[in-house]
Amino acid sequence: MRIVKDKIALSAAVFASGIILVAIMAPLISPYDPLSIDLDSLRMPPSLQHLFGTDNKGRDVLSRIMYGARVSLSVAVIATVVSMSIGLSLGLLSGYLGGKVDAVITMLIDIVMAFPSLLLAIGISAVLPPGLYTVIIALGVVGWASFARLMRGTVLTIKGLPYVESARALGCSGYRVALWHILPNALPIAIVVASLRIGGFILAEASLSFLGLGAQPPMPTWGSMISSGRGYILSAPWMVIAPGLAIAITTVSFNILGDHLRDAMDPNLRV
Amino acid sequence: MHAYILKRLLLFIPTLLGVTIVTFFLMKAVPGDPAAGMVGERAPKEVVERIKRDLGEDRPVIIQYIGYLGLILKGELGRSYYTDRAIAEDILEKLPNTFKLALAATLFATIAGIILGVVSAVFRDSFLGKTASLIALWGISLPVFWVGLILMLVFALILHWLPPSGMGGGALIYLVLPASTLGIHSAAYISRITRSSMLEVLSKPYIETARAKGLSEFSVIMKHALRNALIPIVTLIGIDFGSYLNGSVLTETIFGWDGMGRYALDGIMKRDYPVIMGTVLVGAVVFVAINLLVDLSYSYLDPRIRTERKG
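Line by line, the protein sequences are chains A and F.
Reminder that position 47 of the first sequence reads as 47 in our numbering, one-by-one numbering, no gaps.
All you need for our numbering is the position in the second sequence, starting with 1, plus 1000.
Only chain F is shown next, with the shape it has when bound in the complex:
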């Protein structure tokens, strides 16, 4: 097991190097000059040149890339062109906000998704089950930003039940709308996977055995079927959580949530290269790390996978 974890961790390194190379050279290849952007196009040439020197932009690209890698190894991600704040500090400030939103969205998606999925599997031939499947289908087809706006319109602007946007100094009520908006796609996916996984498990002989033993249908479904159907669902939840940690650009923008997604989008719109590279790098690290954790938990949940890998 340890050897397996070590191998996965080593494979992590080339992927991350690749990510830095792609981001760095993508940013270098683009038209538009951030130095000129900072002082305006009509600024005298000398000023632009001086800023370029300050930013280290006059050095060869390869040297700039190596310098960038050196900074990363020291745990630094450079400074924003615009605010001159350290990006690592900015990210450390936004990450907890994004983490909170991601956690709430995942919680919502898991509960709603599993309930919907179980209902549509258990009652698959009835109206209830078909409705549940149809809700899930709509869930994956709605644009996130639109759902967010409609929820905001109904629950905040018309009914005044919930605050429309902002973070309210951490009050939980501010989480409700953004978390349900962010979680809606993943709730729909979770319910579809739960459904097919449940259908598969429900046809297994041990379910029949459980029924033959005289267990109640509820206990058969919850204890015997759902527990065994959970493995693919856990994977999906983990992966979704990892992608939420990158910050949801759209949800955070609509609800004025001060997280990673909005920070990244802001950097992209302003061509603030260090911010873009920093957020994408941190995002990719988190994403790959969560995937690794999911993989490992998978083999923990299903002993068959462990033995396969050993053999």
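With the rest of the complex left out, here is chain A:
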């Protein structure tokens, strides 16, 4: 296993699985109820009772971060899967069929990519009723285009390889060639790119909920925690620092793992 040799990648893997575990087990391991308001302990600095302090409503910051991990990770993973599925199917169609289908899909990609991505995500989240589904839809709508462009290129390359020609010569139907011969060879690249995107989606979800467009209160999210700590940044900086570190460590871990996966699977993709 290469990953064991690479200390940085190994610690990233440990952190990432730790965060996933925390997200899954939050109801069991969080020291306090993330929603219970305690007016006697408003904005308490970090202590043994409250490791990361309490917020402006006396809620335990650590418990809120643990529950926030659930939102962050599930939104990021679902958004990645959604945008990858759309991007993969359209990219496959476009690259394999060519002609008019290709022209239409390429144009759709160009249009979506002409939008500044965060602005488009904000726009979509603002017009739909706020909540988790809206964030996922917004990130999926914004994210599929670059996947599709990459997949189209990959499929075009694979299509020209000799083994595809032999499959055709053997009498495989177009449908069979696309699904059984081209897709499996395009999939590893898609998975690598997807793993590199998870970090970006975590940041995007945090940005949306920072602007109040994500999951709605009282549900804790990392972005909204930072947003509500903004007004107390000098008197209670832990309200901003702790959730920000949670975002940073999670994103760094997933980015390192993505890099590692890319290098292990295909060194040519190295950026």
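Be a bit skeptical, because a hint or two may be false.
For each label pair, taking beta carbons as the anchor points, the in silico distance ranges come out as [said to hold, decoys possible]:
1) K7(A) to G1256(F): 41 to 49 Å
2) Y1065(F) to V77(A): 31 to 39 Å
3) L35(A) to I1158(F): 26 to 34 Å
4) R1008(F) to L21(A): 49 to 57 Å
The hints are simulated quantities; they were obtained by calculation from the structure and are not laboratory data.
In this text, all values refer to a predicted model and were calculated from it rather than measured experimentally.
All C-beta atoms, glycine included, are put in the ideal place defined by N, C-alpha and C.
With the hints as your guide, set chain F onto chain A.
Structure of chain F alone, referenced to chain A:
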């Protein structure tokens, strides 16, 4: 070359039409009535109807869209529902602010990114190089709005070295925090691309030739390697600059910067449709135009691309 530019410009038109269609119909499809929003939900029906008529909202959607396109062709983007100010004028007022911030952020990102990238490529096996790579990795993983708040906390609220927010009537010192916040992601990307581009170039035979000629290592790296490694970096800088010109929603909001991003966000939050459509349209035009420029400069920098396209 001219034919190539012309072709790219023509391809620009359907993309822009697509952008207007997407924005326009997205805004029309949404729940929530801006006319009712302006006067409050309990306003009498007649008042709401009259406002709708004034806004032209009682006409069929297609007619409204064609009317909108007509306005754009005249260089107008309509008026804000709330302030009744011409959006084109508002945008012309905010664009220079955003331009200034984008320029400063790009400058910061380019200098910091290239230095970091060169260091991590040249010293790749040592502690210094590994640290530089790790800094770049953290740079792409930090949430922009959080970096902005922490920088503000440390340098403005605790140390009092820099102003926390606002534009200070154009004083350069007000640019430092927002520009470094905005530039941090792109600095990290630039450093990663610089690193891999440098590593590739450093393994080329002409670098060995330069060394064999007895040139100093500094001159080999700066003159022979970096210059040739710059092409992919230029592309990245251009694209980032284009996206900054759309205004950075988060950075501008945190630092109270009166630019396009904050204007757009304000429009989105208030459901001020003409403002949203105007900013997104201008943003997309700028973005696509910059990409076109980057593409053209690319073929200027690398003659091989030019000949490929001719052939």
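To see whether the hints hold, each was checked on the structure:
With their beta carbons about 43 Å apart, K7(A) and G1256(F) fall inside the hinted range of 41 to 49 Å. Under the hint 31 to 39 Å, the C-beta atoms of Y1065(F) and V77(A), about 37 Å apart, fit the expected range. Between L35(A) and I1158(F) the Cβ separation comes to about 32 Å, which falls inside the hinted range of 26 to 34 Å. Remark: the range hint 49 to 57 Å for R1008(F) to L21(A) is upheld by a beta-carbon distance near 51 Å.
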